[in-house]
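Chemist: As given, the protein sequences belong to chains A and B, one line each in that order.
Residues in the first sequence are numbered from 1 upward in steps of one, following the numbering used here.
Residues in the second sequence are numbered from 1 upward in steps of one, following the numbering used here.
Please keep in mind that the hints were generated in silico from the structure rather than gathered at the bench.
Quick caveat: nothing in here was measured; it's all calculated off a predicted structure.
Idealized CB from N, CA, C, for every residue including glycine.
Please note: incorrect hints may appear among the correct ones.
[Unchecked claim] A short list of chain B residues far from chain A (calculated; beta carbon distances all over 10 Å):
no.	residue
1	Ala31
2	Tyr90
3	Glu197
[Claimed, not checked] Here chain B is said to cover these stretches of chain A; the calculated rule only asks that three of the stretch's residues, wherever they fall, bring their Cβ under 8 Å from a Cβ of chain B:
no.	segment
4	41-54
5	67-78
6	92-104
7	132-141
[As the list claims (entries may be wrong)] Over 12 Å on every C-beta distance to chain B, these chain A residues come out as not near it, computed from the model:
no.	residue
8	Ser4
9	Leu57
10	Met108
11	Arg153
12	Phe157
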Amino acid sequence: MRHSALVRATHWLTAASFIALVVSGVAILLAHPRLYWGETGAVGTPSLIDLPLPFMLTGQSGWGRYLHFLSAWIAVLTGTVYVLGGLRANHFGQDLFRPAHPAKYNVMQRITYAAVVFGLFPLMIWTGLAMSPAVTSVLPMLVTFMGGQQSARTVHFIVATVLVLFVVGHVAMVAFAGFRRHVGAMILGGEPSASEVQT
Amino acid sequence: MSRLITRRKVITTALTALGGASGLAVAARLADRYGLIPPDHGGLYGAGETLTYASHRLLTARGSLAREFSRDHISKVAPVNGPPPTAFDYQQLLRRGFTNWGLEIDGLVARPSSLSLADLRGFPVSRQITHQACEEGWSFIAEWIGVPLGYVLNLVGASPNARYVVFYAYDDDWESIDMADAMHPQTLLAYGMNGSELPAGHGAPLRLRLPRQLGYKSIKYLAQISVVDSLKDIGDGSGSSAPGYGYSWYAGI
Chain A
1 MRHSALVRAT HWLTAASFIA LVVSGVAILL AHPRLYWGET GAVGTPSLID
51 LPLPFMLTGQ SGWGRYLHFL SAWIAVLTGT VYVLGGLRAN HFGQDLFRPA
101 HPAKYNVMQR ITYAAVVFGL FPLMIWTGLA MSPAVTSVLP MLVTFMGGQQ
151 SARTVHFIVA TVLVLFVVGH VAMVAFAGFR RHVGAMILGG EPSASEVQT
Chain B
1 MSRLITRRKV ITTALTALGG ASGLAVAARL ADRYGLIPPD HGGLYGAGET
51 LTYASHRLLT ARGSLAREFS RDHISKVAPV NGPPPTAFDY QQLLRRGFTN
101 WGLEIDGLVA RPSSLSLADL RGFPVSRQIT HQACEEGWSF IAEWIGVPLG
151 YVLNLVGASP NARYVVFYAY DDDWESIDMA DAMHPQTLLA YGMNGSELPA
201 GHGAPLRLRL PRQLGYKSIK YLAQISVVDS LKDIGDGSGS SAPGYGYSWY
251 AGI
């Protein structure tokens with residue numbers, strides 16, 4: 001697979017910021033590992049999901065929040081460059097929506113990548129912004145459509161979990177298809193050997 | 001490639017870099033003048049904080065209002081985060097029902113004042129039913145009763161040069177907000193909650209209520225307010241005690 005410089009650069013920036021988002025997201029979650037539905041929720045009110053994790057009230061969410069929002073900015077700016085660049089180069093049309101024959105990616109891969117790029121990532125941004133009292137003062141629809149601030153938090157957690165599962169699957173597939181060649185291709189843009197493309 | 005083009009390229013690159021650098025410097029000065037730089041802007045995390053604060057200030061520039069709710073949305077459970085101050089002077093005020101408490105207002109104001117609870121209750125009453133979310137993740141909705149901070153600032157004659165309002169509390173916490181938040185109609189000095197006096201755990205006798213930011217910004221147990229034009233010389237210069245605990249000054253997200 002030949003990857004353009006834009007795809008390679010944005011891939012690794014996204015990978016780095018995604019790792020930072022997951023680590024800092026867990027640090028924030030551990031301050032209150034209970035999930036609710038609706039506008040409000042607290043200890044003493046019914047929860048939707050009690051995660052089997054300890055409450056860590058030792059200020060881990062402070063650096064967690066600083067890192068989360070810094071990496072969220074990097075991820076969002078990178079994602080914007082990726083989508084605009086991808087539209088310009090017709091990357092999504094050629095490789096995802098109207099693939100040439102034979103297609104580079106199979107139908108499961110195309111559905112998965114399209115869902116991640118145009119479904120799950122935008123949903124993460126939406127639910128993230130829906131938790132911000134300043135942003136929802138301007139765009140209240142962001143949170144009312146979700147069913148409330150706590151619902152947005154719960155959806156944010158569930159979609160994050162799905163994205164982590166996607167990354168696990170993605171890395172497993174790369175390992176299965178030839179780790180060194182495929183990672184090399186994503187770094188340098190080179191072509192994996194024909195035998196590896198077929199697997 | 002000929003040497004001429006290489007030299008031209010070098011010159012063009014240098015000029016672009018110079019233009020970019022001076023552009024950034026101008027942008028930073030403009031951003032500072034229009035109040036788009038938070039006090040904890042230093043370091044790597046400061047870049048993220050600055051982007052968040054600046055974008056939120058531009059987004060909310062028309063004075064957007066935090067969502068308000070109907071009475072039946074008021075939460076039955078309104079958790080208290082930590083006990084009231086144990087300091088002797090606070091405990092004594094609490095025992096006496098805050099009869100001899102006063103809010104000191106100083107700094108860049110024409111009429112430095114000390115306002116009693118009766119003074120504050122005599123001002124126009126503002127009520128709001130708003131969502132309060134803790135950065136930890138839990139939240140509740142409550143009715144808050146108080147006087148808009150902007151009303152009090154106008155009363156004491158806050159200077160046009162004022163850029164921040166600093167709050168000092170009985171538990172030694174301190175906080176500050178910019179003038180956009182200070183003059184916002186939903187920013188209250190709250191003395192009541194859910195139809196009664198503000199409970200001790202929720203910040204009696206007076207707390208800030210700032211519904212466009214997370215809960216920790218709504219500082220409790222107020223003792224003093226200071227109007228300033230810079231935060232640099234106050235405490236460690238980071239704008240509040242929150243960065244000392246590892247939390248950002250701006251909490252709109």
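Chemist: Can you name, in rising order, the numbers of the hints this structure does not satisfy?
Modeler: 6, 9, 11 and 12
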